[in-house]
Amino acid sequence: MNQMVRNLMFCLLLMVPGRPVVYSQSLTSPRHDSSNATETSRKVFQHGQDGSLFEEFSFAIKDFKVEHQSEHNNLNISISFRYVTGIANSDYPDYRLLAKDVEMFLTNYPNEKDYWEIVNKNLTSMLLKKYSALAGITCELTVDPVPNSPYVRSSRVIRERRK
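For the sequence shown, position 125 matches number 125 in the working numbering, and the numbering has no gaps at all.
It is possible that some hints are incorrect.
[Unchecked claim] With a straight-line cut-off of 25 Å between C-alpha atoms, the simulated BS3-like cross-links for lysine-lysine are: (1) K100 <-> K121; (2) K62 <-> K113; (3) K130 <-> K100; (4) K130 <-> K62; (5) K65 <-> K113; (6) K121 <-> K62; (7) K65 <-> K100; (8) K163 <-> K129; (9) K129 <-> K113; (10) K130 <-> K65; (11) K65 <-> K121; (12) K121 <-> K163; (13) K130 <-> K163; (14) K100 <-> K62; (15) K100 <-> K129; (16) K113 <-> K100.
[Stated by the list, open to error] Cβ-Cβ distance ranges computed for the label pairs, FRET-style: (17) G51 <-> T107: 40 to 46 Å; (18) Y92 <-> P150: 39 to 45 Å; (19) V152 <-> E67: 15 to 21 Å; (20) K129 <-> A88: 39 to 45 Å.
Rather than coming from a laboratory, the hints here were simulated on the basis of the structure. Glycine is no exception: its CB is placed at the ideal position from the N, C-alpha and C atoms.
Please put together the full structure from these sequences, using the hints given.
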């Protein structure tokens with residue numbers, strides 16, 4: 001009997017989240033996507049009855065292979081962003097388009113010698129310019145060890161849109 005009560009309590013706890021979560025909008029035409037991009041979360045934060053509304057979304061690209069700094073690199077990329085206030089339902093970008101832009105940007109990055117921090121700054125700048133629905137973006141690039149640099153390293157850039 002105690003086990004059944006514990007299971008019931010566990011189910012109730014799962015049904016009462018601390019913050020409401022809004023999941024990705026459904027797409028009218030499903031597409032096959034072979035990308036490594038995975039949606040991780042879409043959150044809506046409401047403060048007070050008439051308070052400010054903040055919406056965030058994040059996704060990850062795992063094990064992305066790219067040639068940079070004369071090395072074959074394996075990246076794990078985490079992108080999160082906040083939407084502009086008052087965004088219309090029709091203006092939410094499909095995160096898969098952002099993921100493809102990230103992959104194209106890194107694959108075709110012009111300066112082979114740039115440190116990962118510079119690459120990341122340029123990446124977040126490009127995304128914020130291209131997607132007007134974003135108020136701010138955070139990108140973390142985690143680079144696996146390579147022969148010339150045997151350490152896991154990462155760069156995190158947080159960029160806000162100028163008002």
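A quick look at each hint next to the structure:
| no. | hint | in the structure |
| --- | --- | --- |
| 1 | K100 <-> K121 | 18 Å, holds |
| 2 | K62 <-> K113 | 23 Å, holds |
| 3 | K130 <-> K100 | 13 Å, holds |
| 4 | K130 <-> K62 | 23 Å, holds |
| 5 | K65 <-> K113 | 17 Å, holds |
| 6 | K121 <-> K62 | 20 Å, holds |
| 7 | K65 <-> K100 | 14 Å, holds |
| 8 | K163 <-> K129 | 13 Å, holds |
| 9 | K129 <-> K113 | 24 Å, holds |
| 10 | K130 <-> K65 | 24 Å, holds |
| 11 | K65 <-> K121 | 19 Å, holds |
| 12 | K121 <-> K163 | 19 Å, holds |
| 13 | K130 <-> K163 | 16 Å, holds |
| 14 | K100 <-> K62 | 13 Å, holds |
| 15 | K100 <-> K129 | 16 Å, holds |
| 16 | K113 <-> K100 | 23 Å, holds |
| 17 | G51 <-> T107: 40 to 46 Å | 42 Å, holds |
| 18 | Y92 <-> P150: 39 to 45 Å | 41 Å, holds |
| 19 | V152 <-> E67: 15 to 21 Å | 19 Å, holds |
| 20 | K129 <-> A88: 39 to 45 Å | 20 Å, violated |
In the structure shown, a violation is registered for the earlier hint numbered 20 alone.
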